[in-house]
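Colleague: For reference, the chains in residue letters:
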Amino acid sequence: MTDKQAIVQLRVAPHLRHAPSVDQIMRNVVYALLPICAFAIYQFGLSALALILVTTLACTSTEQLFCKLSGKPTTVNDFSAVITGLLLALTLPPGFPLWMAAVAGFIGIALTKVMFGGIGFNVFNPALVGRAFVQAAFPVAITTWTPAFAPDRFSEFIPSSLTLPFMVPEPITDWIKGIPVDGFSGATPLALQKFGEGNQDHVTTDNLDLFLGMTSGSAGETSALLILLCGAYLALRQMMDWRIPTAMLSGAFITAGCFYLFDPQAYPAPLFTLLSGGMMLGAVFMASDMIASPTTPAGVWVYGLLIGFLAVIIRLFGGLPEGVMYAILFGNAASPLIGAATQPRVYGTRRKKVPNR
Amino acid sequence: MHSLNPMNLLRGSFRHGVHPAAHKEQTVDLPIQRVPFGDRYLMPLGQHIGAPSKPVVGVGQRLYRGQIIAEPGAFVSTFLHSPVTGRVIDIGPHRHTDGTFKPAIEIEADPYATQQLPPAQTRDWKKLDITAFIGEVQRAGIVGMGGAAFPAHVKYSIPEGQQITELLVNGAECEPYLTNDHRLMVERPEALLRGIEILLEKLGAARATIGVEANKPDAIEILRDHLSPDLPVEVVSLPVKYPQGAEKMLIKAVYGQEVPAGQLPRDLGVTVNNVGTVVAIADWFDTGMPLIERVVTVSGPGAAYPSNLIVPLGTSVRDVLSFCGGLRSETREVVMGGPMMGSPIASLDVPVMKGTSGILAFTNTETLRPPEYPCIRCGRCLEACPYFLNPSRLARLAKARLFSEMKDYRVQDCVECGSCTFTCPSGIPIVQLIRTAKDNLAHASRKGEPT
Chain C
1 MTDKQAIVQL RVAPHLRHAP SVDQIMRNVV YALLPICAFA IYQFGLSALA LILVTTLACT
61 STEQLFCKLS GKPTTVNDFS AVITGLLLAL TLPPGFPLWM AAVAGFIGIA LTKVMFGGIG
121 FNVFNPALVG RAFVQAAFPV AITTWTPAFA PDRFSEFIPS SLTLPFMVPE PITDWIKGIP
181 VDGFSGATPL ALQKFGEGNQ DHVTTDNLDL FLGMTSGSAG ETSALLILLC GAYLALRQMM
241 DWRIPTAMLS GAFITAGCFY LFDPQAYPAP LFTLLSGGMM LGAVFMASDM IASPTTPAGV
301 WVYGLLIGFL AVIIRLFGGL PEGVMYAILF GNAASPLIGA ATQPRVYGTR RKKVPNR
Chain A
1 MHSLNPMNLL RGSFRHGVHP AAHKEQTVDL PIQRVPFGDR YLMPLGQHIG APSKPVVGVG
61 QRLYRGQIIA EPGAFVSTFL HSPVTGRVID IGPHRHTDGT FKPAIEIEAD PYATQQLPPA
121 QTRDWKKLDI TAFIGEVQRA GIVGMGGAAF PAHVKYSIPE GQQITELLVN GAECEPYLTN
181 DHRLMVERPE ALLRGIEILL EKLGAARATI GVEANKPDAI EILRDHLSPD LPVEVVSLPV
241 KYPQGAEKML IKAVYGQEVP AGQLPRDLGV TVNNVGTVVA IADWFDTGMP LIERVVTVSG
301 PGAAYPSNLI VPLGTSVRDV LSFCGGLRSE TREVVMGGPM MGSPIASLDV PVMKGTSGIL
361 AFTNTETLRP PEYPCIRCGR CLEACPYFLN PSRLARLAKA RLFSEMKDYR VQDCVECGSC
421 TFTCPSGIPI VQLIRTAKDN LAHASRKGEP T
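Taken in sequence, the protein lines are chains C and A. Counting from 1, one number per residue, gives the positions in the first sequence under this note's numbering. Counting from 1, one number per residue, gives the positions in the second sequence under this note's numbering.
Bear in mind the hints are in silico, worked out from the structure with no lab data behind them. It cannot be assumed that every hint is accurate.
Partner residues aside, some chain A positions facing chain C, computed with beta carbon under 8 Å [unchecked claim]:
| id | residue |
| --- | --- |
| 1 | Pro339 |
| 2 | Pro374 |
| 3 | Leu389 |
Here are some chain A residues the structure puts well away from chain C; computed CB gaps all over 10 Å [unchecked claim]:
| id | residue |
| --- | --- |
| 4 | Glu25 |
| 5 | Gln26 |
| 6 | His94 |
| 7 | Thr114 |
| 8 | Asn440 |
Quick reminder that beta carbons are idealized off the backbone N, C-alpha and C, glycines included.
Here chain C stands alone, though its shape is the one from the complex (with noise of 0.2 Å):
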């Protein structure tokens, strides 16, 4: 022996392993986020700045503070409270009163994530779940929504975003009214399609504008462009499912191809409703969050399916102009059961085996 100070270990096999770890797959997708976030912030200015902040800080403390009282390690450092806080932040109007969306962040994580036994065992998207939580808690201040590129926006809040702490936020109509931006109307483009404005039906917004995110919205959801970016970034790393994605929005694109070829007049084209509403970063961001959605090669289709048809027929037939959210925590129910349903055929078996337990 060269050296007879050598210190044989003993673990088992394989010895080898090649993956990325779980804190490196979830700094991806933060990495994959944060143009998106960027994109927000040039959009939206400060009070989008101050939203991606608060929903983070208070995504990250939440988590910390649950691991301090259950005295375990901390589980801040593998960033997964850090993709809630972010997604969460890019769900929300800009103008969203920041201590509401510190709420929505709190809820997110302590009731969803840490309650179920932290990283790896929620149940549904906590950014998902906080935002529905807000949704259901503060219906007006969710659905107020701000025109982008404002002059004054890298100078001044949009008013709403600094309402105190469990104030309800003054209407902006007269703020809104004072910005030299042309033909907004306070809608998105889905309730415009939807509702229509003034006395004229299903008003669409351009494809292209859709596209590149030239429009009012949610602050991270209006550039379809960017967000398919950055999903291919995570797929070509494989630290995303791409056939999650793939599966939603063919899901969503037959299902309202289906409504449109039925009556044109009526329903949306099935481009605006990939293009518009959380659409895109649902299905890229959210429906494909590993934890949530099922194990399966075939499960993974069943579900995309599923919440992509699910999400056109809340847009179509439901009270509210989004469905997307809805279908996601509704996929992230229905995944156990498409899991036991879709194990995979063993090797030199005929049949699935597994009972359904």
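With the hints as your guide, set chain A onto chain C.
Modeller: Frame of chain C, contents of chain A only:
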């Protein structure tokens, strides 16, 4: 995660599996060298699958090289032969590769012996009937040389009413680092084809196929050059993928057929043999040399001089490593077998056995465990498992000690190839959890308890 590798779309491989870096370049071009004889040899009585052999020699008895020292303890068991000319110095418990003490025969080599085999005894295999042939294979102590060490004669004992039509020779060598089969194919193609000729005739098989992974182009070329028109042998190049060398995966890759659950390859008319096994059969019939030595790859970043070696069985790992210049000081782990399925050894004094294909020295860079996270349900293990099991679910059930529920998920079909663990971002020792569960289930069924 779902693999986008276009190779998967091609015919000619199994589905799923993983792509570990091959790391074969260190030894792939090194000719096989012979390790000189040492002074102590340790032949464990249980170095194959099945019942341990029973010693037929006594302490103090003089032995010649190739002499029978133990006989089969049952049908699934085999003969052992002395790897050297020398003297029995002990029969008793010795440190085994798994860390326990197991009965073994310790032999002291005669330093003045020439270590020549007795004069070549060619055996006329053509005259043997199948029963006599199977007896000869057992008499030669031949076992599967790919690592499992399953007695070869058992494989050739085909029940009444069944017929082997396909002889599949396993030259996949999918384990990273290992090049022993590769070198054997490159250096001894005649012996390999001669073994195939013997097996084809004795088993009555219609044809033979040698499955070789495409990362061994020289072996494929040399084998093809040596094919003769009289012998129905085909060399098939397979896409590189782990675990291609697993029997059932190779069958799927070569014939596109799955072995039905609960059945054996022979039920499809196929028998799978490692190239080392086939060469050992040729050697026995050509020269009368029983299985007393084998080719071993010494490699890994901790090995000073990686090599391909012919090692007499019973040589201690320490002696083999010393011959290759020893270990580098950063070595933290010595593994017997391949890096995906091999076992670490607790002592360098354990012997090379019939199933030892490699001795690998690893440093922390290769083998440091990532911190363990909870399962994030990413599904990578489901995409890796070549048996289409659900390792994520199996690991969860094993952690909850719900072993009998794991049977519903066909835990018994797992061959412990380690692909799931290789690809797990959460660093969960999935395959170890499955092994624990299988042990528990086996233990419970031995005791007749309901599981």
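Colleague: Taking the closest pair, is the beta carbon of Asn440 of chain A still more than 10 Å from chain C?
Modeller: It holds; Asn440 of chain A is separated from chain C by about 16 Å at its closest Cβ, greater than 10 Å.
Colleague: Checking a non-interface call: every C-beta of chain C should be farther than 10 Å from the C-beta of Gln26 of chain A. Is that right?
Modeller: holds (15 Å)
Colleague: Are Leu389 of chain A and chain C close enough, Cβ to Cβ, to be under 8 Å, as the hint says?
Modeller: Leu389 of chain A check passes; min Cβ-Cβ to chain C is 6 Å, inside 8 Å.
Colleague: Would you check whether Pro374 of chain A satisfies its interface hint, that is, whether its CB is within less than 8 Å of any CB in chain C?
Modeller: holds (3 Å)
Colleague: Any Cβ of chain C at or closer than 10 Å to Glu25 of chain A, or is the non-interface label fine?
Modeller: holds (16 Å)
Colleague: Verify this label for me: Thr114 of chain A is non-interface relative to chain C, using a Cβ-Cβ cutoff of 10 Å.
Modeller: holds (30 Å)
Colleague: Close enough to count: is the Cβ of Pro339 of chain A nearer than 8 Å to one in chain C?
Modeller: Holds, because the Cβ-Cβ distance from Pro339 of chain A to chain C comes to roughly 4 Å (cut-off 8 Å).
Colleague: Any Cβ of chain C at or closer than 10 Å to His94 of chain A, or is the non-interface label fine?
Modeller: Answer for His94 of chain A: holds, closest chain C Cβ roughly 18 Å.
The structure fails none of the hints (numbered hints given earlier).
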